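**Student:** The residues making up each chain are set out below.
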Amino acid sequence: DQQVKQNSPSLSVQEGRISILNCDYTNSMFDYFLWYKKYPAEGPTFLISISSIKDKNEDGRFTVFLNKSAKHLSLHIVPSQPGDSAVYFCAAIPWVTSYDKVIFGPGTSLSVIP
Amino acid sequence: NAGVTQTPKFQVLKTGQSMTLQCAQDMNHEYMSWYRQDPGMGLRLIHYSVGAGITDQGEVPNGYNVSRSTTEDFPLRLLSAAPSQTSVYFCASSPGRPGDTQYFGPGTRLTVL
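Residue numbers (my numbering), protein chains in the order written: chain A, 1 to 114; chain B, 115 to 227.
Keep in mind that the hints were calculated from the coordinates and are not lab data.
Simulated coverage check for chain A against chain B, where a stretch passes if three residues somewhere in it have a Cβ under 8 angstroms from a Cβ of chain B:
| # | stretch |
| --- | --- |
| 1 | 43-53 |
| 2 | 101-112 |
Listing some non-contacts, in silico: residues in chain B with all C-beta distances to chain A over 12 angstroms:
| # | residue |
| --- | --- |
| 3 | K128 |
| 4 | S132 |
| 5 | M133 |
| 6 | G167 |
| 7 | V226 |
| 8 | L227 |
Since this is a predicted model, take the numbers as computed values, not measurements.
Virtual Cβ for every residue (Gly too), placed ideally from N, Cα, C.
Based on the provided sequences and hints, a complete structural model is requested.
**Tutor:** Right, here's the structure in full:
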């Protein structure tokens with residue numbers, strides 16, 4: 001059973017609007033979360049991360065929100081640009097128990113329409 | 115810096131054949147890992163290494179072997195390829211634990227017939 005879930009396989013957004021990508025997790029031992037972005041035929045690249053001691057982290061147009069009680073995090077992209085079209089992976093680490101292992105979700109394919 | 119390099123880019127094997135996927139990094143990173151990406155499954159950790167001479171299993175280690183004789187290289191060996199190992203394989207490295215940014219290679223697309 002997947003411990004990190006991204007229930008929307010795909011998402012389409014108009015350029016300039018907000019993109020919201022969601023991620024849910026089941027393991028309460030996860031305490032560090034990351035988002036990676038992947039273009040076709042390339043390896044993933046790190047985007048943004050958040051520790052469980054925070055509920056929000058911003059980096060330019062990208063903001064990640066964490067709701068520990070709901071075991072839910074989301075990535076907001078504002079404003080969305082065509083270059084943001086990619087697959088976005090949510091990932092989690094059970095830092096205390098197994099900090100060498102990263103568990104990835106299945107990914108959400110974002111299309112930003114010009 | 116070349117970053118993380120992987121060879122080959124593409125490979126077709128027959129069932130039962132063996133091969134080694136190469137991975138090298140020139141950033142002097144201690145942590146290296148291998149993932150496979152399958153549709154609807156995301157990236158799944160196969161094996162990882164926290165330094166030369168130290169390796170451990172990830173989520174899906176069966177059918178794969180690794181070794182880490184140098185900081186730079188982390189090859190992944192398929193001893194007897196099976197169709198279930200058809201996938202895209204990514205190698206990654208990071209300066210410390212994977213909570214640090216991981217740098218991924220471009221991937222190897224493997225097909226096992």
